[in-house]
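**Q** The chain contents come next:
Protein chains: 4
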Amino acid sequence: MSVIQDNGLILIIYKDKKYLKRITADQSFHGKGGALRYSDIIGKEYGFRFGDYDIYEPTIEDIVMYAFKRETQIIYPKDSFYITFKINAKNASRVLEVGTGSGAFTYILAHTVGPRGKVVSFEMEDRHYKNARKNIEKYGEWNNVELRNEDVTDYFDGGFDAAFIDVREPWTCLDKVRSLMKESASVGMIVPTANQVSELLRALETGFGYVEVMEIMHRKYKTVAERVRPQDRMIAHTGYLVFARKIETKTMITE
Amino acid sequence: MSVIQDNGLILIIYKDKKYLKRITADQSFHGKGGALRYSDIIGKEYGFRFGDYDIYEPTIEDIVMYAFKRETQIIYPKDSFYITFKINAKNASRVLEVGTGSGAFTYILAHTVGPRGKVVSFEMEDRHYKNARKNIEKYGEWNNVELRNEDVTDYFDGGFDAAFIDVREPWTCLDKVRSLMKESASVGMIVPTANQVSELLRALETGFGYVEVMEIMHRKYKTVAERVRPQDRMIAHTGYLVFARKIETKTMITE
Amino acid sequence: MSVIQDNGLILIIYKDKKYLKRITADQSFHGKGGALRYSDIIGKEYGFRFGDYDIYEPTIEDIVMYAFKRETQIIYPKDSFYITFKINAKNASRVLEVGTGSGAFTYILAHTVGPRGKVVSFEMEDRHYKNARKNIEKYGEWNNVELRNEDVTDYFDGGFDAAFIDVREPWTCLDKVRSLMKESASVGMIVPTANQVSELLRALETGFGYVEVMEIMHRKYKTVAERVRPQDRMIAHTGYLVFARKIETKTMITE
Amino acid sequence: MSVIQDNGLILIIYKDKKYLKRITADQSFHGKGGALRYSDIIGKEYGFRFGDYDIYEPTIEDIVMYAFKRETQIIYPKDSFYITFKINAKNASRVLEVGTGSGAFTYILAHTVGPRGKVVSFEMEDRHYKNARKNIEKYGEWNNVELRNEDVTDYFDGGFDAAFIDVREPWTCLDKVRSLMKESASVGMIVPTANQVSELLRALETGFGYVEVMEIMHRKYKTVAERVRPQDRMIAHTGYLVFARKIETKTMITE
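So the sequences go chain by chain: A, B, C and D.
When the letters of the first sequence are read in order and numbered with the numbering used here, they come out as residues 1 to 255.
When the letters of the second sequence are read in order and numbered with the numbering used here, they come out as residues 1 to 255.
When the letters of the third sequence are read in order and numbered with the numbering used here, they come out as residues 1 to 255.
When the letters of the fourth sequence are read in order and numbered with the numbering used here, they come out as residues 1 to 255.
A portion of the hints provided could be inaccurate.
Since copy identity is lost for identical chains, a pair holds within one copy or between any two.
What the hints assert, rightly or not - Each computed DSSO-like pair below joins lysine-lysine, with the alpha-carbon atoms no more than 27 Å apart:
1. K222 with K78
2. K250 with K222
3. K220 with K182
4. K32 with K250
5. K44 with K250
6. K69 with K18
7. K220 with K78
8. K182 with K21
9. K134 with K69
10. K250 with K15
11. K182 with K44
12. K182 with K138
13. K130 with K21
14. K17 with K250
15. K17 with K44
16. K17 with K182
17. K44 with K21
18. K78 with K134
19. K222 with K17
20. K182 with K15
21. K130 with K182
22. K250 with K18
23. K78 with K44
24. K176 with K222
25. K17 with K134
26. K250 with K21
27. K18 with K44
Think of the hints as simulated: they come from the structure by calculation, not from any bench.
The structure displayed is predicted, hence computed values, not measured ones.
Kindly produce the complete structure, drawing on both the sequences and the hints.
**A** Here is the structure:
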C-alpha cells in the first residue's frame with residue numbers, strides 16, 4: 001500500500017494538465033479546479049479523484065517529465081526507455097554517461113542499475129551540472145549516481161558495463177569512452193542530424209562492431225472509444241540513435 | 001572483465017546473421033564463415049573477431065531475439081523496452097503479467113525488477129506455458145519469476161506494483177487485474193487492432209484514469225557513412241499500446 | 001515567360017511566412033520586411049528577390065494553402081495530390097465529389113480534369129457552399145466546376161469516371177454514389193477515425209472490390225546542408241484514406 | 001460506359017495478386033483461379049467478377065505498377081503522385097525530366113499535362129531509354145512525350161514550366177536544368193540518402209529559393225471491418241524529396 005506522506009511526491013492531473021509536487025501539510029495547490037489542501041490528502045492511499053483533480057503516485061516517467069528542471073533538451077522516454085535496455089544497462093551494472101544534461105537519462109539509468117549498480121556521468125558545463133545535481137538529489141532513490149563536472153578525458157577508472165554519449169560531437173570522445181568500456185560492452189549515442197550520423201559511422205569503423213542506427217517515432221492516440229484516431233500532431237524527430245559494441249581491433253586468425 | 005565460460009552464452013555475428021549459442025568445449029559452430037571450435041575461444045574475453053565471426057557477450061535483447069524459442073508472436077524490444085518503464089516496473093517491484101506467451105516480456109520484466117523483485121505471469125495455454133518455462137529456466141538470471149499455468153481469475157494474492165496484459169480480449173480480465181493491483185499502479189496492454197483499442201477504452205472508463213494509447217514505430221538505418229538512409233522496409237505495426245492507472249471509483253468531495 | 005500582371009496573383013515569402021495576394025498597381029504589401037509597392041513589380045517576370053521578399057508565381061498548392069478561405073478542415077496536399085491519381089481522375093474526366101467543404105480538393109480536381117473535364121461537387125451546408133464557390137470563382141482557371149448546394153440523393157445524372165466522398169458518414173451515401181459511377185470506376189473517401197474505417201469496410205462489402213485503406217505521413221526536413229534533420233514536429237494524422245472500385249454484384253459463372 | 005475491347009487492357013485480380021494484360025479474343029489467362037477465356041469477356045463492361053477473378057479497367061496506377069517493365073527502381077505512386085502537383089505540372093504544361101528510368105514518372109507526367117502539354121525526358125543509359133520508350137509507346141494515351149537518349153547538357157530549348165531530376169548526382173545538372181526552366185518554376189528531385197540531400201541543399205543555395213525537403217511514408221491497412229489494423233510490414237524508405245523554385249540571382253534593391 002502506498003500512502004501519501006508529508007513531504008512526499010504527488011502527481012496531480014487536471015484535464016490534460018499534469019503537475020508534480022512535493023507536498024507538505026501546511027500547503028495547498030491552486031489550479032483551475034480550485035484549491036487542493038494537502039492536509040486533506042496526506043495519509044490517504046494514492047489513486048483517487050479529489051474534486052476535479054486526479055491524484056496519483058508519480059512514476060519514473062512522471063518525475064522525469066513533470067518534475068525535473070530542464071536546462072537542456074532532455075532525452076525523451078520514447079528514446080531513453082529504449083536506450084537503457086539497448087546498451088544492456090541492468091541490475092548492478094556500472095554505466096558511463098558523457099553529457100549529463102539535465103540528468104533525465106541519468107535518472108532512468110540510476111533506476112535501472114538499482115542500489116547495487118552505479119552511474120558515473122560527466123558534464124562540462126557548470127550550469128547544467130548544478131541543475132542535474134539538484135534534480136538527482138531531489139528525486140533519486142539511491143546513492144548510486146556520481147556526477148562529475150569535468151572532462152571524461154581526465155578519468156581513468158574503466159571497466160564500465162555500458163556507456164552512453166550525448167554531446168554535440170560524440171566522435172571526439174569515442175576513443176576515450178571505448179577505453180573505459182569492458183570488452184564487448186555496448187555504447188549508445190543520440191545525435192539530431194544525419195550529418196552527425198555519417199561522422200559517427202566513420203568513427204565507429206575501428207574498434208566497434210554490431211553498429212545500429214535507428215529512430216523511434218511515437219504516435220499518441222486520442223482516448224475516446226467511439227473515435228479512435230491519432231492525435232493531430234506529434235513529435236517528428238528528437239534524434240537518431242546509434243549503437244555499437246566494443247570489439248578488439250585485431251582479428252584472431254583461424255588456423 | 002567478462003570471460004567466455006564453458007557452458008556460457010555467446011553471440012556470433014556473421015555478416016547480417018546472428019546466432020546465440022550456449023557453448024561447450026567439445027563442440028563447434030559450423031556456418032558460412034567456416035568452423036568455429038569453441039575450445040579455441042573459451043577463456044577469452046568477449047568482444048573479438050575470430051576469422052569472419054564477431055563474438056560478443058549476449059545482451060538482454062540478444063537473448064530475447066536470438067535465443068528464446070517462440071511459440072507465439074513475441075513483444076518486440078521497441079515495445080517491451082518502453083512498456084517496462086511506462087508501467088513503472090523497477091528494482092524490487094512485484095509485477096503481474098497476464099499472457100506469458102513465449103516469456104520474452106516476462107524475461108525483460110525479470111531483469112527490471114531484479115533479484116529483490118518478483119514477476120508473476122499467467123498462461124492458460126499448456127504448450128506456451130511449457131515453452132516459456134524452458135526459456136526462462138535456460139536464460140533467467142535470478143529466481144524471481146513465477147509462471148502459472150492457470151487463469152488469473154483463480155488468483156488472489158494482490159498488491160502488485162504494476163501489471164501487463166497480453167491476451168486477445170484484455171477487457172475480460174481487466175477487473176480482476178485491477179483488483180490485484182495497488183491503488184495508483186499502472187497497467188499496460190497491447191492489442192493488434194483499432195477495434196480492440198475501442199473496446200478497451202470503454203472498459204477503462206471505470207476504475208482507471210490517465211489513459212494513454214500509442215504506437216511505437218521503429219525505423220532502422222543502413223550503417224554506411226557515405227550513404228545514410230533508412231533501410232528499405234520496416235515493421236509497420238506490432239500493436240497498439242494502451243496504458244492506464246488504477247483509481248478509486250468514488251470521487252472525494254471537496255468541501 | 002510569366003510576367004506579373006495588374007490584377008494577377010503573387011506569392012510573397014518573407015522568412016518562413018507566405019502570403020498570397022491578388023495585386024493592383026495602386027496597392028502595396030506591408031510586412032515585417034517593409035513596404036512592397038506593387039507598381040514596382042508589375043510587368044516583371046516572376047521569380048526574384050525584392051528587398052527581403054521573394055516573389056514567385058503561385059502554384060496550385062500555394063493557392064490552396066495560402067489563398068483559399070477555409071471554413072472547414074481542408075484535405076491537405078499530402079492526401080489530395082495522392083487521392084486525385086488514386087481515383088484515376090485525369091484529363092477530361094467527369095468527377096463526382098460529395099462534401100465540397102472549402103473547395104480545396106475540388107480545385108485540385110478541376111486542375112486535373114482540365115478544360116475538357118468536369119467536377120460536380122455537392123455541399124449541403126449553405127455557408128460552406130458559398131465559401132467554396134467564392135474560392136473556386138476567384139482562383140479557378142476554367143469553367144469546369146459545378147457546385148451544388150443540395151443532397152446528392154436528388155441527383156441522377158450518372159456515369160462519373162471517379163468519385164470522392166468527404167462527409168461524416170460516407171456509408172450513408174455510398175449506394176447513391178455507386179449508382180452514379182461508371183462500372184469499374186474508383187471511389188475515394190477520407191475519414192478521421194478507425195471506427196469509421198470499420199463502418200466503411202462493412203459498407204463496401206457489397207458492390208465494391210479492390211478495397212484499400214491507408215494513411216500518408218509527411219515528414220518535412222530542415223533545409224540546412226550541414227544539419228540535415230526532420231523538423232521537430234509534424235502533422236501526425238489527417239485521416240484514413242479508403243479506396244474501392246465499383247463492381248457488379250453478381251458473379252459471372254465460368255462454365 | 002467502358003467496354004472491354006479486343007486488344008484492350010484489363011486488370012485481373014485474384015486474391016491479392018494483380019495482373020495487367022492486353023487481351024485478344026483468341027487468348028486466355030491461366031492462373032490459380034482457372035482459365036479465363038478473353039473471348040468470354042470482350043464486349044462486356046468493365047467491373048465484374050468472373051469465376052474467382054475480378055476484372056477492372058486499369059487506372060494510371062495499375063498501369064505503372066503492374067504493366068510497366070522495370071529496368072530501374074521506379075518512383076512509387078506515394079511519391080510520384082505528390083511530386084507531380086508539387087512541381088506544379090498541370091494541364092498544358094511543358095515539363096522537363098532528367099533521368100527517364102523506366103518511364104513510370106514520365107507516364108504520370110504525360111497524363112497530367114494532357115494532350116496539349118509536353119514532357120521532354122532525358123536518359124543517358126541506352127538500355128533504360130529503350131525500355132522506357134517501349135513502356136510509353138505501349139501505354140501512353142497521347143503523343144505528348146519526347147524521350148531523348150542523350151545528355152541534357154546538349155539541349156537548349158528552354159522555357160519549361162516544371163522540372164524533375166532523378167539521377168545519382170542531381171547537383172551536376174542542376175545549373176543546366178535551371179537554365180532550361182522558366183523563372184519562378186519548380187524543380188523536384190528524389191535522392192535515396194541524407195548525404196545527397198546535404199549536397200543538394202548546398203547546390204540549391206544559389207539561383208533557387210523556397211527549398212523544401214521531405215519524405216512521404218505510406219502505411220497500408222488490412223481491410224477487415226472487425227480487425228482494422230496496419231499491415232505488418234511497410235516500405236520504410238524510397239527517397240528524400242527535394243523541391244525548389246528558380247529565382248533570379250540578383251536582389252532588386254528597394255529604394
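**Q** Broken hints, numbered, in rising order?
**A** 21, 23
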